[in-house]
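> The residues making up each chain are set out below.
There are 2 protein chains.
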Amino acid sequence: MSLGFGSEERGSVKTYLECIPCFFRQALEVGRLTGVSDGVRKKILDDVALSIPGFSLESSPPEMARIIHGILRKHTGVDDPYKEIKEKSNSLALGFYRKLKEKVDKSPDRLLKSIEVAIAGNVIDYGVKNTLDVEEEINKILRNENEVIKREKPDLFEYEKFKDELDKSASIVYLGDNAGETVFDRILIEEIKRVDKNKKIYYAVKEKPTINDALLEDAIVSGIDHSAEIISSGSDAPGTILAICSKEFLSIYKQADMVISKGQGNFEALSDPGRSVVYLFMAKCPVIAKEVGCDMGDIILRYNT
Amino acid sequence: MSLGFGSEERGSVKTYLECIPCFFRQALEVGRLTGVSDGVRKKILDDVALSIPGFSLESSPPEMARIIHGILRKHTGVDDPYKEIKEKSNSLALGFYRKLKEKVDKSPDRLLKSIEVAIAGNVIDYGVKNTLDVEEEINKILRNENEVIKREKPDLFEYEKFKDELDKSASIVYLGDNAGETVFDRILIEEIKRVDKNKKIYYAVKEKPTINDALLEDAIVSGIDHSAEIISSGSDAPGTILAICSKEFLSIYKQADMVISKGQGNFEALSDPGRSVVYLFMAKCPVIAKEVGCDMGDIILRYNT
Chain A
1 MSLGFGSEER GSVKTYLECI PCFFRQALEV GRLTGVSDGV RKKILDDVAL
51 SIPGFSLESS PPEMARIIHG ILRKHTGVDD PYKEIKEKSN SLALGFYRKL
101 KEKVDKSPDR LLKSIEVAIA GNVIDYGVKN TLDVEEEINK ILRNENEVIK
151 REKPDLFEYE KFKDELDKSA SIVYLGDNAG ETVFDRILIE EIKRVDKNKK
201 IYYAVKEKPT INDALLEDAI VSGIDHSAEI ISSGSDAPGT ILAICSKEFL
251 SIYKQADMVI SKGQGNFEAL SDPGRSVVYL FMAKCPVIAK EVGCDMGDII
301 LRYNT
Chain B
1 MSLGFGSEER GSVKTYLECI PCFFRQALEV GRLTGVSDGV RKKILDDVAL
51 SIPGFSLESS PPEMARIIHG ILRKHTGVDD PYKEIKEKSN SLALGFYRKL
101 KEKVDKSPDR LLKSIEVAIA GNVIDYGVKN TLDVEEEINK ILRNENEVIK
151 REKPDLFEYE KFKDELDKSA SIVYLGDNAG ETVFDRILIE EIKRVDKNKK
201 IYYAVKEKPT INDALLEDAI VSGIDHSAEI ISSGSDAPGT ILAICSKEFL
251 SIYKQADMVI SKGQGNFEAL SDPGRSVVYL FMAKCPVIAK EVGCDMGDII
301 LRYNT
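In the order they appear, the protein sequences are chains A and B.
Heads up, the first sequence is in the working numbering, so the first residue is 1 and it goes up one at a time.
Heads up, the second sequence is in the working numbering, so the first residue is 1 and it goes up one at a time.
Don't take every hint at face value.
If several chains are the same, the list does not tell them apart, and a pair holds so long as it fits within one copy or across any two.
[What the hints assert, rightly or not] Calculated pairs, DSSO-like style, for lysine-lysine (alpha carbon to alpha carbon, straight line, at most 30 angstroms):
1. Lys193 - Lys88
2. Lys290 - Lys74
3. Lys88 - Lys161
4. Lys74 - Lys161
5. Lys74 - Lys43
6. Lys43 - Lys290
7. Lys43 - Lys99
8. Lys153 - Lys43
9. Lys153 - Lys106
10. Lys103 - Lys153
11. Lys163 - Lys208
12. Lys106 - Lys83
13. Lys101 - Lys140
Simulated from the structure, these hints should not be mistaken for laboratory data.
Computed from a prediction, not measured in an experiment: that's the story for all the values here.
Produce the entire structure from the sequences given, and follow the hints as far as they go.
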């Protein structure tokens with residue numbers, strides 16, 4: 001599976017071999033979180049290792065991660081090892097809600113500020129090694145430091161196109177990413193609804209636990225249900241791989257006027273040359289930063305077409 | 001194989017599962033350095049993955065690394081992918097030589113300062129992810145910042161014991177680590193010889209290329225041959241695994257009055273409850289820092305007994 005930008009644009013089929021060390025790191029992390037014995041940890045790593053030759057050069061990280069987290073579930077017997085972390089992320093993010101809303105209220109461009117807030121929420125990610133500090137990233141937004149990125153790299157922040165499409169769209173599918181980040185998504189969704197309360201927004205979460213990706217309960221705790229209809233992708237991949245989504249999800253996705261794809265996992269997984277998709281994410285690892293042509297930590301708003 | 005401190009002291013058999021992501025990172029690094037195709041890189045990662053189940057829970061990192069770098073040689077056809085990096089490390093280190101010698105000359109405790117210099121040279125390491133900056137670490141020594149570590153963690157810096165043993169020892173085996181670091185080792189060796197020119201010092205390098213470990217040519221370029229007799233360990237493991245060293249090396253090693261084991265690779269690999277070994281290294285990765293009970297970047301001088 002390739003990414004959303006078409007291989008013509010990128011010159012060659014994309015490979016993600018650089019992600020493999022990270023999968024072993026995730027496997028070790030889940031081993032620690034679930035407190036299994038060294039013997040079980042060894043079996044986990046052996047099985048993860050044996051799955052590697054089965055990946056093709058074109059496998060996307062979420063496709064590989066889905067298989068690896070299946071192995072982890074089998075050996076640990078724990079269905080949702082990140083449950084506690086997700087709850088903490090939700091609480092942490094809810095603690096910022098009021099301050100972020102005020103920031104939007106005071107901004108001369110409320111929509112732009114809401115987008116920045118939503119993307120900054122993408123810093124909450126345990127799938128990617130968390131070298132970026134959540135509070136620091138949020139404070140950056142509060143200090144308007146991201147203005148520089150938008151000014152200097154306009155191709156990576158297609159705000160005018162986003163505004164135009166949003167104006168014309170009556171229905172929107174917003175593909176969620178991580179727990180906690182959901183609170184930041186809520187701010188953007190609330191701003192969209194404030195301008196036009198008749199817009200129909202669907203917020204898609206994962207069907208089953210996968211890393212720290214948001215589930216129905218996370219979206220509800222975050223308060224998204226007041227402004228959007230929460231739907232499930234029908235899959236347990238940490239990114240929207242259309243081939244394994246449910247029929248119900250695909251029906252809504254296909255009929256929507258606009259698709260907002262949130263987070264690095266969805267950027268990696270969702271390839272759909274057949275329609276316009278706008279990716280909102282923070283470039284959180286060197287592989288993606290190189291792919292996009294940006295620096296680590298940059299906030300990206302970019303179309304697939 | 002266990003570490004040098006005996007399992008009694010550490011409570012349980014040491015496992016290094018946390019090192020596995022790092023081996024994949026090394027494999028990717030060698031793929032980049034040798035410029036092989038994506039197809040070859042994939043084959044390398046597949047073969048590295050298939051080797052993982054063959055490692056026991058007690059395998060030391062250098063044992064595993066030796067097998068993995070064998071796979072890399074097979075697929076890339078390149079015997080010494082770090083050759084250019086090693087040459088650059090030697091040049092970089094030689095550029096510091098004069099300044100470091102002056103620092104030793106001005107120090108009230110020349111031996112102590114030479115030890116600090118030698119350990120700081122251990123920051124030059126491409127086997128471990130190089131987040132520690134060489135120049136910055138060297139400048140730290142020049143600013144005496146390591147004094148704090150020695151004062152606050154005396155168990156990790158057994159200087160008095162080192163001085164006593166050195167006084168009593170007529171022959172010393174100094175197990176080298178990385179290219180470039182050799183120049184820093186030279187400073188300690190020259191100081192030992194300055195005090196007593198009759199001491200016989202053997203400096204051990206690896207027999208064949210393995211990561212950026214020093215070979216005969218690196219020791220010679222670094223000028224070690226003027227003060228020590230350069231010998232080979234007889235092995236291509238990035239650490240001194242006694243079981244695979246040459247008979248010639250083992251004969252010298254066994255007869256030596258004192259063994260100075262330099263670097264993290266030797267700390268991980270060399271287990272010899274039968275004799276006194278002093279480990280000099282910088283804790284450069286979280287696995288080793290946790291094992292030793294120190295912080296990343298701490299300089300360690302510690303005995304096995």
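> Each hint needs a verdict: does it hold in this structure or not?
Structure-based check of all given hints:
no. : hint            : result
1   : Lys193 - Lys88  : within (27 angstroms within a copy, 59 angstroms between copies)
2   : Lys290 - Lys74  : between (34 angstroms within a copy, 29 angstroms between copies)
3   : Lys88 - Lys161  : neither (35 angstroms within a copy, 48 angstroms between copies)
4   : Lys74 - Lys161  : neither (45 angstroms within a copy, 51 angstroms between copies)
5   : Lys74 - Lys43   : both (11 angstroms within a copy, 27 angstroms between copies)
6   : Lys43 - Lys290  : between (33 angstroms within a copy, 23 angstroms between copies)
7   : Lys43 - Lys99   : neither (46 angstroms within a copy, 50 angstroms between copies)
8   : Lys153 - Lys43  : neither (45 angstroms within a copy, 37 angstroms between copies)
9   : Lys153 - Lys106 : within (25 angstroms within a copy, 51 angstroms between copies)
10  : Lys103 - Lys153 : within (23 angstroms within a copy, 47 angstroms between copies)
11  : Lys163 - Lys208 : neither (33 angstroms within a copy, 61 angstroms between copies)
12  : Lys106 - Lys83  : neither (35 angstroms within a copy, 57 angstroms between copies)
13  : Lys101 - Lys140 : within (15 angstroms within a copy, 45 angstroms between copies)
Going through the hint list in order, the structure does not satisfy hints 3, 4, 7, 8, 11, 12.
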